[in-house]
Amino acid sequence: MAKEKIVLITGASSGIGEATAKTLVNNGHKVILTARSEDKLTKLVESLGSNNALSVAADATDFTALENVVTKGIEKFGRLDVAFANAGMGVLTAGTEKGDPDEWSTMIDINIKALLWTAKLTLPHLRQNKGHFILTSSAAGRKPIGGSIYGATKWFAYGFGQNLAEEMSEWNGRCTTIAPGMVNTPFFDEAKPDKLDPQDVADAVLFAIEANQRNSVREIYLMPTN
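For any residue, its number in our numbering is found by taking its place in the sequence shown, counting from 1, and adding 511.
If you are wondering where the hints come from, they were derived from the structure by calculation, not from laboratory data. Virtual Cβ for every residue (Gly too), placed ideally from N, Cα, C. Worth double-checking, as some hints may not be accurate.
[Said to hold, decoys possible] Between beta-carbon pairs, the in silico distance windows are:
no.	residue 1	residue 2	range
1	726	600	30 to 36 Å
2	641	611	16 to 22 Å
3	734	641	26 to 32 Å
4	680	613	34 to 40 Å
Make the full structure from the sequences, and use the hints.
Given below as structure tokens:
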């Protein structure tokens, strides 16, 4: 088994974040979990065990609140080895002409600003351990999609991840950008069983984390088989 890692996960209360938390703990790692839903986080920690997990409810778009998450996590576990910036959202109305500017603003806060806040706050701690930053982009951030403002925010995430990998390599840190296709998560009102499962992304995170320190898995591009 790989060396135990202390992993911070944003957007941890459901979907990819929840699946990743369970997968990491089942493989001997410990997790610091944050999301807006305190009730869901509390139940998740109860299932994982308080020795293995800590939850701190926060809005990832709030820099000060997220800073508190990092502080409390390190107070409990003593260090931070990995940060997984997973918080994100889409919009209900696609298109530039038909889209809702208020929705865009909220989405930019979560998909871009929260990602930057997470990196800004965790990198000083990751540097101490030659740590690892992981982020959720999207297949929509790797190819043009007409009218997709969501895709444009994920283009930012994808590009930021590539640039951050170069920056972190200066001190032997690692950065992985995960770009999944459509995932069957609470993002959708109806289940999409023919799409990726959150577990597929969780397995990708585990693979990147447990890769030998001599290599850096810089990108994982996941698509449904069909």
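Exercise. For the pair residue 680 and residue 613, does the Cβ-Cβ distance stay inside 34 to 40 Å?
Worked result: Taking Cβ atoms as reference, residue 680 and residue 613 lie about 39 Å apart, which means the hint holds.
Exercise. Is 16 to 22 Å right for how far apart the beta carbons of residue 641 and residue 611 are?
Worked result: 43 Å, violated
For this session: For the range 30 to 36 Å, tell me whether the beta carbons of residue 726 and residue 600 fit it or not.
Result: At 32 Å between Cβs, range holds.
For this session: Starting from the hint 26 to 32 Å, judge whether the C-beta atoms of residue 734 and residue 641 obey it.
Result: 31 Å, holds
In this structure, only the earlier hint numbered 2 is contradicted, and the remaining ones agree with it.
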